[in-house]
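Line order of the protein sequences matches chains X and F.
The first sequence maps to residues 1 to 332 in the working numbering.
The second sequence maps to residues 1 to 426 in the working numbering.
Don't take every hint at face value.
Looking from chain X toward chain F, a few residues come up when the C-beta cut is under 7 Å (computed) [said to hold, decoys possible]:
| no. | residue |
| --- | --- |
| 1 | Ser2 |
| 2 | Arg37 |
| 3 | Leu78 |
| 4 | Pro129 |
| 5 | Pro211 |
| 6 | Lys218 |
| 7 | Glu220 |
| 8 | Leu222 |
| 9 | Ser230 |
| 10 | Leu299 |
| 11 | Gly300 |
| 12 | Arg301 |
| 13 | Gln306 |
| 14 | Gln309 |
Pairs of lysine-lysine residues, derived as DSSO-like cross-links and limited to a Cα-Cα distance of at most 30 Å, are as follows [said to hold, decoys possible]:
| no. | chain 1 | residue 1 | chain 2 | residue 2 |
| --- | --- | --- | --- | --- |
| 15 | X | Lys59 | X | Lys218 |
| 16 | F | Lys89 | X | Lys218 |
| 17 | F | Lys21 | X | Lys55 |
| 18 | F | Lys198 | F | Lys21 |
| 19 | F | Lys89 | F | Lys330 |
| 20 | X | Lys218 | F | Lys198 |
| 21 | X | Lys218 | F | Lys339 |
| 22 | F | Lys281 | F | Lys89 |
| 23 | F | Lys21 | X | Lys59 |
| 24 | F | Lys21 | F | Lys339 |
| 25 | F | Lys246 | F | Lys7 |
| 26 | X | Lys218 | F | Lys296 |
| 27 | X | Lys59 | X | Lys18 |
| 28 | F | Lys339 | F | Lys246 |
| 29 | F | Lys246 | F | Lys296 |
| 30 | F | Lys330 | F | Lys281 |
These aren't lab readings, by the way, just hints derived from the structure by calculation.
Beta carbons are placed, not taken as given, at the ideal position from N, Cα and C, and that holds for glycine.
In case you want the letters, here they are:
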Amino acid sequence: MSVALFLFKIVAGVILIKLSVLLALGYEGVDRIISARMQNRVGPPLYQPFYDVLKLLGKETIVPRRALGWAFEGAPWLAATAAALVILYVPMGSLPPVLGGEGDLILVLYLFALSAVAMVVGGFASGSPYANIGAQREMTLMMSYETPLAMVACTLAWAALHRGLPGAPFSLETHMATSLWSVLGGMGLCGMGLLLLALLAVVPAEVGKVPMDIPEAKTEILEGLISEYSGRNLALLKITFAVRTLAMCAVLTSLFFPWSLGDAMALPPYLAYPVDFVWFWVKVLLVQTVGVTLVRTALGRYKIWQASQFYWVQAAGIALAGMLLITLDVGL
Amino acid sequence: MATGEGKTYKVPIGPVHVGLKEPITAWLDVDGERVVNATIRPGAIHRGIEYMARERNPIQVIYLAERICGICSFAHITAFVRAVEDAAKIPVPLRAQYIRTILLELERLHSHILWAGVACYTIGFDAAFHLGMQLREQIMDVLEIMTGNRVNYGVGTVGGVRRDITPAVASAIHAMANFYRIHFRTFVDAVFEDPVVKARMRGVGVLSAEDAVRCCALGPTARGSGLRLDLRHSAPYEAYGDIVVKPVVPQDIFGEVHGDVFDRFAVRALEVYQSLDIIEKAMEGLPEGDLMWEPKLPKLLAYLKQAEGEGFAALEAPRGDDTHVVRLVKGDENVTSWKVRAPTYSNAVSWPLMFRQQELADVPLIINSIDPCISCMERVLTTDRSDGSSRVLEGKHLSDLCRAKSRAWGVASDLPRTGTARRMGA
């Protein structure tokens, strides 16, 4: 890699991460307003998440006496970094991802897991029984939702490989360039629908929202994982949650809703890039509204074993059915 | 979730906890997510209200009694003034009795709707919580139109009530009843048909009918276990003599009794409709007449000063039987002694049984399921320990403790007379 490209990637990466944090907080504001309107409330102002983060940055950062200092303080940084890195692997519209050549969907899933594991470490390092319980729950939840998630990712890659999509099968760019919907038969489309459903089921757990906010259940274990965090560390965790929500919705969008507006309208490239960029984030917002906001407003919180059972039986079952249908469609 | 290894650690729920609206501590021995044992530690909000009452006359105590609890304030003052009326042999005009009944039912409405919302909040179902809170605003408006206040109404007095039901109030009440008949159904359906609610409430915090009897459970907690216990049914007071009240029990709703949180939810939800019926019947049968036995306050106070005797009153507050006992002594302006036994005091005894072998996630819901009113309960400081089934506090144990304490003070044979309060306090 040339030095110029390396420098360009660093600059682009820094800008993109900053943009994504702002966007993530903005989308959280939208989420809160939509949820409030659904509950017949006015809701907070759009900028409330920004105010929250700014306020937390001005507050004292407390490390509990019984906490393991370095792990407790390091965990939010690791969690936030891992979540922000995901953004660099997501192609936005027709723009290729900044780190597109360096990793693929598997790495993205690992980054999500790393971010969650960092929070678990922080929880265990807090020295609080609530955080301890929260960390246990987060681990249990991770072990549960990784199954359907892995099944969805592998099936899509397998289908992309066998349908001869141009590019590496696990690369998000490949899926963004050619939609799998357009190359599959009827059975395959049903399978895609089921996979989408399975992935949507994973979203709440991945982003820590109702009905799967079990590790942070505030009315049960007082925000669990993050109960001991304050000040700058809590601000980082808030950002982490927001960025994870954004990143998860962006990944889902690029896998299942890759359609380009620029291509559809046959725009010239200098127009297509910005239009597709904006269009991509509009799609992400729609996905977030359906996958996160609607679900979290309409449901209550599950217990951990119920969530675990849901992912191992129902969600994994749906993913398996989708996998079979796509296998049959591609194989025949 | 490592379970079955016998290793437990202690987790406190409360005294300050997001899921609890009032300070109570449940020390839980937790094995993974399973609650092995629970110790309830009340005592964080004991305010010594009964002691304060000894330096106030009965009319002043009304306003003190109202502040025992913000939700069932009218239940408390009605129980108190009924106890005073019982002690001083004061008859209450019929119209005042009906107005009291209507107010008691309005209060039950607002208590039950508030509870239903909070129960949803406890399981993270915020949409239902907000819906419940919005529905509750109607009843709060009616209470405000009728009494001028939303929470502590200040309309009860010895021998009657201090506010009449004017035509404007009557039409507001009718409008409210119609509103609830239409809109409360939305809330109930949203909750009953939600898969998560059923998963979280069914089979959680079970209290069998036998245990409910043994632990002296009251009100919706007992009715949720299938016991037909309702003072409005078994010992009618005020206008309930004219209005037939049938206790709401789950076997009449679902055909079977589970005694779990879902049953308690269902009982409270259906009691909202029952209360609407009672209010409408009381409005229809509202007789004409006086509001107070003696409207002139100095005259009433002078009469109460000359009164001698002990009065008792129990009524069905939103959470169960609220019992007040008052002793008045001739020549003493103040209330000589006053004892309040709020329903939570009885219901709290069932907590350790409900917690056993439940999950940590259920604990706040179980605590809330009896609709605890800790500030109501904490008239006396007690500790409830249950390491195993044998050490649950029971009625006999409590009375033994009470007797032992009385003997130690040397007042067992002689009831406290005027001025004893100050001597005992010193």
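A quick look at each hint next to the structure:
1. Ser2: violated (52 Å)
2. Arg37: The hint is violated - Arg37 (chain X) has no Cβ within 7 Å of chain F, the shortest such distance being about 11 Å.
3. Leu78: Cβ of Leu78 (chain X) sits 25 Å from chain F, so the hint is violated.
4. Pro129: Since the shortest Cβ distance to chain F is 5 Å, the answer is holds.
5. Pro211: Given a least distance of 6 Å, the restraint on Pro211 (chain X) holds.
6. Lys218: holds (5 Å)
7. Glu220: holds (5 Å)
8. Leu222: holds (6 Å)
9. Ser230: violated (16 Å)
10. Leu299: Interface hint status for Leu299 (chain X): holds (5 Å vs cutoff 7 Å).
11. Gly300: Hint holds; Gly300 (chain X) Cβ to chain F Cβ min 3 Å, cut 7 Å.
12. Arg301: Holds, about 3 Å.
13. Gln306: Holds: closest Cβ of chain F sits about 6 Å from Gln306 (chain X), inside 7 Å.
14. Gln309: violated (10 Å)
15. X:Lys59 to X:Lys218: Measuring from Cα to Cα gives roughly 21 Å; hence the hint holds.
16. F:Lys89 to X:Lys218: violated (52 Å)
17. F:Lys21 to X:Lys55: holds (26 Å)
18. F:Lys198 to F:Lys21: The given pair, whose Cα atoms are some 23 Å apart, holds under the 30 Å limit.
19. F:Lys89 to F:Lys330: Holds - the C-alpha atoms of Lys330 (chain F) and Lys89 (chain F) are around 13 Å apart, at most 30 Å.
20. X:Lys218 to F:Lys198: holds (20 Å)
21. X:Lys218 to F:Lys339: violated (37 Å)
22. F:Lys281 to F:Lys89: holds (28 Å)
23. F:Lys21 to X:Lys59: Holds: Lys21 (chain F) and Lys59 (chain X) sit about 26 Å apart, inside 30 Å.
24. F:Lys21 to F:Lys339: holds (25 Å)
25. F:Lys246 to F:Lys7: violated (48 Å)
26. X:Lys218 to F:Lys296: Judged against 30 Å, a Cα distance of about 53 Å means the pair is violated.
27. X:Lys59 to X:Lys18: holds (22 Å)
28. F:Lys339 to F:Lys246: holds (29 Å)
29. F:Lys246 to F:Lys296: Violated, at roughly 38 Å.
30. F:Lys330 to F:Lys281: violated (40 Å)
Figure legend: structure checked against the earlier numbered hints; hints not met, in rising order: 1, 2, 3, 9, 14, 16, 21, 25, 26, 29 and 30.
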